[in-house]
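Guided by the hints, dock chains B and C onto chain A, whose structure is given.
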Amino acid sequence: MLKALFHILIFPGLGFLFVFGFFVEYADRKLYARFQNRIGPPWFQPLADFIKLISKEEVIPEEADSTVFKLMPVFAITASAAAILYIPTLGERSVFAFSGDVIVVLYLLTIPTFTYFLGGWYSRSVYSMIGAVRSLTQLFAYEVPLFLCILAAALLADTWSLSGMVVFYSHHLGYWFCNIIGFGVALICLLGKLEKVPFDIPEAETEIVAGSFTEYNGKLLAFIRMSFNIEMVAGASLLAAVFLPFGLHLPAAVMFLFYLVQIIFIVAVISFLRSLFARVRLDQMINFCWKYLAPLAFLQVLFNLILKVVLPR
Amino acid sequence: MHNSEHYSEDVKIPMGPQHPSLKEPESFLISLRGEKITASSVRLGYNHRGIEKACEDRTYTQGLYLIERICGICSHSHSTCFSQAVEEIAGVEIPARAKYLRTLIGELERIHSHLLWLGVAGHEIGFDTLLMYTWRDREVVMDLLAALTGNRVNYGINTIGGVRRDISSKQKEEVLKGVAILETQTKYYIDLAKNETTLLKRLQGVGVLSHEDAVRLDAVGPTARACGVKRDVRKDDPYAAYAELDFKVISVNSCDVYGRTLVRLGELMESYSLIRQIISKIPEGAIAVKLPRKIPAGQAVSRYEAPRGEDLHYVRANGTEKPDRVKVRAPTLANIQSVSKMLEDRYLADMPIVIAAIDPCFSCTDRLIAIRDSRNKEKNTVTWETIRLKGIEWYKGQGIDFKSLNKKLTESF
Amino acid sequence: MNEENIKQELENKFSYLKDAVIIKRKGRIFVAVELDKFDEVFAYAVKQMRFLALSAITGLDRGDAFEVIYHLNQEGRILLNLSVSLNRENPQINSVCPICPSADLYERELEDLLGIKVNGLAAGHRYPLTDDWPQGEYPLRKDWKAKISNQGVQNA
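Line order of the protein sequences matches chains A, B and C.
Heads up: the first sequence is residues 1 to 313, going by the numbering used here.
Heads up: the second sequence is residues 1 to 413, going by the numbering used here.
Heads up: the third sequence is residues 1 to 156, going by the numbering used here.
A few of these clues could be false.
Stated by the list, open to error - Have a look at the derived ranges for each label pair, beta carbon to beta carbon:
(1) A:74 with C:124: 41 to 51 angstroms
(2) C:24 with B:31: 38 to 48 angstroms
(3) B:12 with A:39: 34 to 44 angstroms
(4) C:63 with B:191: 56 to 66 angstroms
(5) B:69 with A:37: 55 to 65 angstroms
(6) C:48 with B:296: 34 to 44 angstroms
(7) B:10 with A:37: 35 to 45 angstroms
(8) A:43 with B:72: 31 to 41 angstroms
(9) A:43 with B:180: 35 to 45 angstroms
Think of the hints as simulated: they come from the structure by calculation, not from any bench.
Quick reminder that beta carbons are idealized off the backbone N, C-alpha and C, glycines included.
The following block holds chain A by itself, in its conformation from the complex (with noise of 0.2 angstroms):
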C-alpha cells in the first residue's frame, strides 16, 4: 500500500512528473532557442513561470462555466500522470504493469486532448472554441497513424501489456530495427499530440490568440502549461519504451540514465523539428496524416504481420 503511494506521489508519479516536466521544458525551449540563434532561458525559468502563475489573480469569464473551466486543468494532469505509471520508466516492468495495459496507456493519453476542448468550448469566448474545435479535429488526423505504429510494435511482439512488450524487445535486440518506419511516424504523430510547430493548429497564436486557453489565467493557467509537460514527459517515454528498447538489465543507476538520455533525444528531435517549419493549416495537416502517415502507419502493422509468420521466435 505504501509502495503504491509512494509509486503514484513520487516515483515515477506526480513529484518526480513536476521536477522532470520543468527539466523537459528547459531543454526544449534551450534547445529551440539555439536552434534560432538566441540564448535562451535559464535552469529555472520554468520553475518561475510557474511561480509566477500561481501568484496571480484568477479572473473566470462572467459566461463560462465555472466547473468545468476549473476541472479541466486537473483531470490534463491526471490522465497524463496516470498513463506514466503504466510506462516502463526503470526496468523493464512498469509500476502497475497488466496485460492489456498498452490500450490502457493510449487511451489515458488522449484524455488530454479532451479536457482542453472542453476547457475551450466551455470559455464560451469566439477564439477559445476555435481553438477547441481544432483541437479535436486534428485529434483525428494523428490518432490513427499513432494507434497503429504503437499496435505494430505489440503485434511483432505477441503481447498487449507495455511492460510484456519491452521484455520482448530488450531480449530481441535485432527487431528493434524493423520497427523503425513505425518510430518516424510516431515522432511525427507525436508532434501534433502535443501541438508543436507544425501541428500548433489549435494554440495558433497569430489566429486565435491563445485558442483553447485564451481565457485561462492564474494558477490554472499554470496548471494547463504543467500538463504540457507532463504529456510530454509521458508521450515520450512511451515512445522511449516501445521504440527504444537500450539499457537495460543494467543496475538502477545506469538504467535511469539511459532512460534519461533516451528521453532528451526525443525530445531533441521534437525541438529540431519545431524550429524548421511554419505552422500548416488544418486542412492541410489533415491531408498530410491521411494521406502519407496513416498508409505508412498500415504499412508498417502489414510488415510487422508478416515478420511475425516469417521469423522465428
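Relative to chain A, chains B and C alone:
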C-alpha cells in the same frame, strides 16, 4: 456568445483592434463558417491623431518633425516627401549631395522595412525561426543607420532644403561592409523562399488579387507589383537621385502572398546594388540650402516610393510661415481596400498572413480605458490626465521627481 | 501621352476648360472645374483618358469656400489634379465610387473631417473619427478649435 444551437450559421469573430497578429490596431470583423471566411469588413481610424490639423498650427520645420513621426518604419519616406513638396512650392533646388544622401537613407530604410516584414510574415505563419533570423540581420541595418543618423528608427536626417548630417569616408566603408553581410543573408532567404515546403504551402495561392482588381482598387507597392502591375514611383516619377541611378523594377505575376514575398526579396537585392552605386557616385558639395521662413503661396503634390508603396503628400502654402493644408495619403490606405477582396473564400488561418502581406502600417492612437466591474456594476472612466498624474505619483514614490529633474538638467547646461 | 497632349485633349473636349488647365511642371497638371461640370470631366478623364488610378482626394477649407481635389494617376507617370470649389453653407458633391471604387475611404474622410455631404455614398462606418464623436464638429474646418475635455469619452 453561445453558438452551439446555431452551428450552421456564420460565426462572427473580431480580429482587432487588439490582436496578437496585428502589429497596429485595425478592426476586422469576419464571418466564419467552420474554417472558411464568408464575409469580412474592415474598420479603420484607430490611429487617428489629427496630424494634418496639427500641421496647420506649426511652422514648416516644426511640421517636419510631426510628419516624420507618422510612422516609425517609413519615417524617412514621409519627411522626404513633405520636404520635397515644400521645396517645390518655394521653387528651390536642393544640392546634389543632399539628394544622394536622402536616397541612401531611403534605401537603407527600405532594407530595414523589408527585413522586418520577412520576420513578421514568418511569425504570422508560425515560422518563428525565420523571425529570429531576419531580425538578427535587421540589427546590422539598424546599427548602420544609428552610425549615420544617430537613431535606429525615426532618423531625423531631413531638413527643408536638404539633409542635416554628412557622411564620412569611414562611414561609407562601414555601409559597404554591412551591405555585403546582408546580401549573403538575403541570398539564403531567397533560397529558403524557393525551397522550403511548409513556407510554400502557407504562402502560395493565398491572398489572391487579380491584375484587374489591383488596377481597379488602386493597390500600390509590392502588393501591386506582385500582381503584375509594374508601378514604381522611383521609375515613373523620379525624385531625389533616382533619375541618375540604374535599377530594375521587380514584378511577378503570381498575384498571391508568395509573389509579394518574392517581390520584396528582389527589392532587397536591388537596394544593395543601389547603395553601392550611391556610395561610388555621390558628388561633393553642400548638404543643404537655406529656405525663407515664409513660403510663397502655391501648391504641390509630392510622391515617394515608401517600402509599402506610393506615399503622396499634398501641401498648400499661403505665404505665411505655416502651411495652409497638408494632406498625407499613406500607402496602406490604398492597399487596405483590397484586403476584403483577397480574403473572399479563404480560410481563417490565412487571415493574418494576408493582412501582413500588404505590410500594414498605421500609427498611434489616443484612446481611453473604461473598467467595468461586473459584480457591482460600477463604471470607472480613466482619462489621460488621471493616468498621467498617477504616473508622476508613482515615480515620486520611486524617488524620481520630474520637476526637479528638469530644473537640474537645465542648470547643468 | 505627355502633359501637352493631355492639356490639348481636355481643352478640345471641354471648351469651358480653356484657361483652367495648368501644367505646373513635368508630371503635374492642375485643372479647376466648376461643380456642375465636374461629373462629366471626371468620367471622361477616368474612362476615356485612362487615368484609372485615384491616388487620393484632398478636401480643404479655403476660408471663402471648400475645395476638393481629386488626384488622378495614369500608369504612375502623370498626376492630373482636378479641383472643385464648394460653397460653405451647404457643401455637397456626388460620390465617384461607381467610377472609382477605391474612393470610398477618401470620401468618408471628407464627410467626417470637413462636413461635406457626399451624395450616393454607401452606408457604413465613419472614418477616421470615433463613433461617439459629437455631431456637427468638423475638425479640419478653419474655424474649429480643439477643446480640451476633462471628462473623457464614455464609451470605449
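So, going through the hints one by one against the coordinates:
1. A hinted range of 41 to 51 angstroms for the beta carbons of residue 74 (chain A) and residue 124 (chain C) is consistent with their spacing of about 48 angstroms.
2. At roughly 47 angstroms, the beta carbons of residue 24 (chain C) and residue 31 (chain B) sit within the given window of 38 to 48 angstroms.
3. For residue 12 (chain B) and residue 39 (chain A), the Cβ-Cβ distance of about 42 angstroms falls inside the hinted range of 34 to 44 angstroms, so the restraint holds.
4. Here the CB-CB span from residue 63 (chain C) to residue 191 (chain B) is close to 59 angstroms, well matched to the stated 56 to 66 angstroms.
5. Judged by the Cβ atoms, the range 55 to 65 angstroms given for residue 69 (chain B) and residue 37 (chain A) is violated: they are separated by roughly 32 angstroms.
6. For the pair residue 48 (chain C) and residue 296 (chain B), the supplied restraint of 34 to 44 angstroms holds, since their beta-carbon distance comes to about 36 angstroms.
7. The supplied range of 35 to 45 angstroms is met by residue 10 (chain B) and residue 37 (chain A), whose beta-carbon atoms lie about 43 angstroms from each other.
8. Remark: the range hint 31 to 41 angstroms for residue 43 (chain A) to residue 72 (chain B) is upheld by a beta-carbon distance near 36 angstroms.
9. A beta carbon spacing of about 38 angstroms between residue 43 (chain A) and residue 180 (chain B) agrees with the range 35 to 45 angstroms that was offered as a hint.
Checked against the numbered hints above, the structure violates only hint 5.
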